[in-house]
Amino acid sequence: MTGSDTPTDGVDPDAPIFADFMDGETAQVHRVAVHAADSAETGQVRIVLPDVDTPIIWQVRDMRRVPDQADRASIVLGLDGPFPARLRITDTALARELAAICPALKRPNSIENPARRLAILAAAAIASVAVIVFVLVPVMADQLARVLPTRGEQALGDSTYEQIRRALGSENQAKLWECDAPDGRAALETMLARLNRGTNFPYDIRLHVLDHDMINAFALPGGHIVLFRGLLADAKSAEEVAAVLGHEMGHVQNRDPTRLTLRSAGSIGVLGLLLGDFAGGAAILFLTERLVQAKYSRKAESTSDIFAHDLLAKAALPTRPMADFFDRLHQQYGTETGLMSHLASHPDLPDRARAALAADTVGDSFVPVLTAGAWRSLRHICDSGDRDRNAQ
Amino acid sequence: MIIQTLTTDYAGKRGPLFWLALKTSVLTVLTLGFYRFWMKTRLRRFYWSSIRPGGIPLEYTGTAVEKLMGFLIAVVFLAFYIGVFNLILVFLSFSLLNGSLAAYILSFVGLIPIYFYAQYRARRYVLARTRWRGLRFGIDPAAWGYAGRALLHWGLTILTLGVLLPRQVFKLEKFRIDRTWFGRERFTQQGRWTMLLPAATHYFIGLGLTILAGLLGAIDPAGFGLLPLGLPWLLVGWLHFRIRSFHIMAAHKRLGENIGFTANPRTWRVIQIYLAGGLLIWVSLFAIIMAAVFAIMILFATIDIANLDLQALGQAFSAGGQLLVLFVAGFAYFGFFILGGVLRQIFLTQPMMHHYAETLIVGNSHHLNGIAQRPRDEFAESEGFAEALDIGAAI
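Top to bottom, those sequences are chains Z and W.
Heads up: the first sequence at position 2 corresponds to 2 in this note's numbering, and the numbers run straight through without jumps.
Heads up: the second sequence at position 40 corresponds to 40 in this note's numbering, and the numbers run straight through without jumps.
Do not rely on the hints blindly, as some may be mistaken.
Stated by the list, open to error - Here are the computed lysine-lysine pairs in the DSSO-like style, where the Cα-Cα straight-line distance is at most 30 Å:
1) W:LYS23 x W:LYS13
2) W:LYS13 x Z:LYS106
3) Z:LYS175 x Z:LYS106
4) W:LYS23 x Z:LYS106
5) Z:LYS299 x Z:LYS236
6) Z:LYS236 x Z:LYS175
Note that these hints are calculated values from the structure, not bench results.
Bear in mind that the values here come from a model prediction, so they are computed numbers and not experimental data.
One chain only, chain W, in its complex shape (with noise of 0.2 Å):
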């Protein structure tokens, strides 16, 4: 029986975020890349901040030289990988097999659990620097476990042409769930994987769709005329099925013994989010460059054409014009993937976790006021191979 819960409000403003995206990345151009570990950092200090549920907001406590240090340390271990295992790929490959390809294979294939490897690092150190009302959340060190775990089902699922994703993301968020803490208490993910076979239907019937055009046209390529309604049927559905498996594992989630939770986000409010988003944001980029185009023609009218000393002009273009029109381009492609950058958190970022958060309940929360803290999970590694594998660049 529930007795108390909480609600969770996002207290996230477009206008504060705005600046706050603009400032730090011009600031990372500026600085050649490296101000966007503190970028990063504050970016997440805002939506952590946003998001409170019962009111109290999360806190995100990474810093930005952790990222910095974590980063040098994993571009360490990956030249050393990369160099050393691609040299004994490459040695191999033309000594047994006389030729590259093999070589080029393995090294993108030697790549994946490391990628795998990344991702649940990441996640540690997330876990481990996001604290709710003043205690640390937390994950077993597993990293080679999950790596393994998800080749495993990743493979599985590809056999299968994809049948068998409902129960690889099933598994994998078991394993994840199954060791992650809030202070000293344990979360675990219960139920089964068939359970998320309903919330999977459209899914499988784009998937079905694909698959029977693919053979169709293997025959006759009429067959593929079945493309413009499996592939986009196979989109959403695949989205319709992470949102409803989001919310059907979130139900069967528990913070110890008695504390649940509810996560109800929508899926048609998520396609609206991400086509109202990049509408949104492709339009004011337009608005922008026609704004600058206007501009630069009003200065053009305003020069007096007729009396135009036309080699005064071309020797002043010559000595520091060129250095100007230079500048000016470099000005104006950074400062175009600079503004749909900050755009895209206030258009798709923003509202997303704004839709999440505030559909996510705490179910029998007055047990949270037993729950103690847990030590500080101090590694120096951070999410370093990750940032260097460029993997979930975006917050």
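Bound-form chain Z, shown alone (with noise of 0.2 Å):
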């Protein structure tokens, strides 16, 4: 071998320094002498294994620090790449000469770090997930709402009605409550009767109002219709709530809520997973949020719409009052964002009243929905009641 011809200050350049080596073939741990000495010169480290002749040569630019050990009296060396040879060095004086010689040998080992393969792959499963979540599991949801059978789907609006009243239920509500006051059941129902006439639908539809103070109605699956305490004070007249009923019943017929309660439940497990909560509570408030806001499509509000035209003419009722309700709430709701109304969580508000009020067909003279007595009781439904049952 080459070997230095300087001497240096007395030091023997070849005497050898013991360590460890680890070849990565065997499970020996051969103990070698390591010739450091001239290594600044030559660029390289010579590793002599006992009864051996050729000595295994390190480049000392290919050598990488094996990081983060635990014993700080010894070093552990590699090769850049997926080598698997080791020197194991516990001679101090060795350990510094080499960390003063070799240039990247706190640098971390260069197959560590496929930053290119990293970036691809976080794009390809950012965009699987995306895929998943708003394609593949509201299309099967969609297949899916249509071959549920009617009682399942009324179980399904059974227990998202419970679990509504639960996640927007306060201190003193442990669930929202459910207005009753019989005055205004019988109100309620006298216009449902008004307007059912001669429409046919798979189940019967369960009215309910409940005691919030939001400017919202939505339906469930399964025939439930929510409103608010908070759009019966807001109408400002039977005529109005009618409108909106219509609408809603709209949603029913076409089994929109199905559809969105059948792709919340796909999503919900989704969203779980990602924030680390699995069926927890974020899970549950998401879908309370999903249908108390029930973003529908365009096509599907503006369906609903028509279908509302359709059952108010049929019924003899204007639809101009629902043209000045969608009026009134885009200038309340208009701007806002955040937790919004189904009701108002489309923009397109002045088109949909433009649009009631050109399907009018009853203009001013017709026979009120409610009498102005059954209309104050509607109005009063939260009043009184067996609230005491319903707290529970």
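Join these two chains into a complex; the hints should help.
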């Protein structure tokens, strides 16, 4: 071998220092002599195995230190790349010397950092999850909603209705109150009967009024329709409430809520996985928000609107109140974001108001949907009734 | 006859571990959790290199990037499984049974095989990335087979109210060990499950007392009075069983024909580590909180209350002050969890590793020299499933 010709300060430059060498091919631990005195010039470290004539040559620029080792008294060295051979040095002088001559000792092994592959994989992963949540689950949900039997749909509606009541409950209302003053209930039934003439739903419409401020109404699977107290308080006439009811009956007819609920059931699990909160509180809140806000497509909304126009015409009721209601809602909610009501969650309220106005076949002379007394009872449906039963 | 043995020493010290754990935990919080793959990798490197059978440290060669990639892959698979599976479950549950309870139960039950699958895959990853004396460990791919066996044996244990636990422990260990390799040499788990029965004496006594308490309590509530005796007995008995069965099974493990093992962890030492570690963690956290409160009190004491301009203070507070308070509160909140995790590493994980390592002896070790290297086990998904399902989060 080359060896250095220049002796350094009385120290034999080729004096071996011993270390443990693991060849990465067998489990043997070789006691080897490490020659590094001339490494600064040659750029090489010679590792001499016992009974082997040819030394192993390591290039100093390829040598890497294995990081985060517990034992501070020794260092473990390897080569850059996928090589399993290791040199374990307990001699502190040699360790210091190597640290001085190896230029890239602290650099991470280049196989550890495939940044490009990682970026591609991350993009692919995000895209795949997006496809699952936004395409696959909705498409499947729509197909399954079509074949869900009526009784199953009703059960789905029952349990989501209870879930929403619980989720919107507060400290003094473990569940949101279901308002049931008898006069008010009677008024609701009168209104429903007037609208329900001649239509054929797969299940009975079940109407509820919940004690909540939000100006909102929404439909749930299996014929549940929920009106909030806020809507009754805000409505200027019983005909406005009838118009909203007609709209929600349109959603029931088209089974929009069933599709939405099934979609949410699929996405909730994924959401829980990503948030590390499987089947936890966040998922329930998410579900409630989705159903209360009930963001259907523009097409589903306008289909329900047209259904309501028809229903109102058959019941000899005007659609102008519907237009008035949408206009007012737009003024109140138009610029708001956050948890909005289903009715206000679409940006095209003025268009829908115009369509409602154009569809009017009745004008100003009609038999009111409720008598003045019944309308008053309906507006006060939350004032009395058996709250104790509800509060449980 | 044993000709040559290797004892194991443990080189990890508290100081370096503390700084490593602290640094990596802070980075994990600052990167919204992304650094946790690096944290896990670096802590494993430290712990592995601490364990030195025959003076030669283990090496952990797993990388953070492969863990992150494995996590991403697992998230996609699980998103598909959970999204589509849950949807179908909800549909079936409502269309056939008119209720959601069945869906909830099945959605949970459906994850159990995945849990065992993930456990085995994580083991495969860790073994494939562990080296000693330059050779890789490894385990044959058999994750679904393992999941099936685990379901079966766990089912039997549950059905027999815990009586068949020793059988389950042995059978599952045998399944894993018989597929484990060091280089090209295979491990085998010898012996029978019944050899674990003597180790389970206290577990059975505790179990019997607890079941008896339940039966008596069903007749007369006074019967539940046995629980304060039965439950701790069961807990300690179970721990003792785990530790003694580890010892017994280690003595019946072979690497190749001749290489044997002795592992001698002691139950009281383990309990002592749990108790002392737990105590030290909480005392340290309490001391840190008290120091912080004290510092704040001193700060307030230096303010001249009499001459305080309350209005100016109010204005200052409403402006940048709220942000500052939020920042300090967030800092304290995360600081508490970071310190808790760091203290757990140095007062629980490390002493436990230390105890298990230093009681490990490799017998007939001269046969090791003839063992050859095994090829690298490439698998992209690493321990992603275990990470995504939050299994074995310790290290």
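Outcome of the hint check:
1. W:LYS23 x W:LYS13: Holds: W:LYS23 and W:LYS13 sit about 16 Å apart, inside 30 Å.
2. W:LYS13 x Z:LYS106: holds, 22 Å
3. Z:LYS175 x Z:LYS106: violated, 61 Å
4. W:LYS23 x Z:LYS106: The given pair, whose Cα atoms are some 18 Å apart, holds under the 30 Å limit.
5. Z:LYS299 x Z:LYS236: holds, 27 Å
6. Z:LYS236 x Z:LYS175: At roughly 28 Å apart (the allowed maximum being 30 Å), Z:LYS175 and Z:LYS236 satisfy the hint.
The structure fails to meet hint 3 from the earlier list, while all remaining hints are met.
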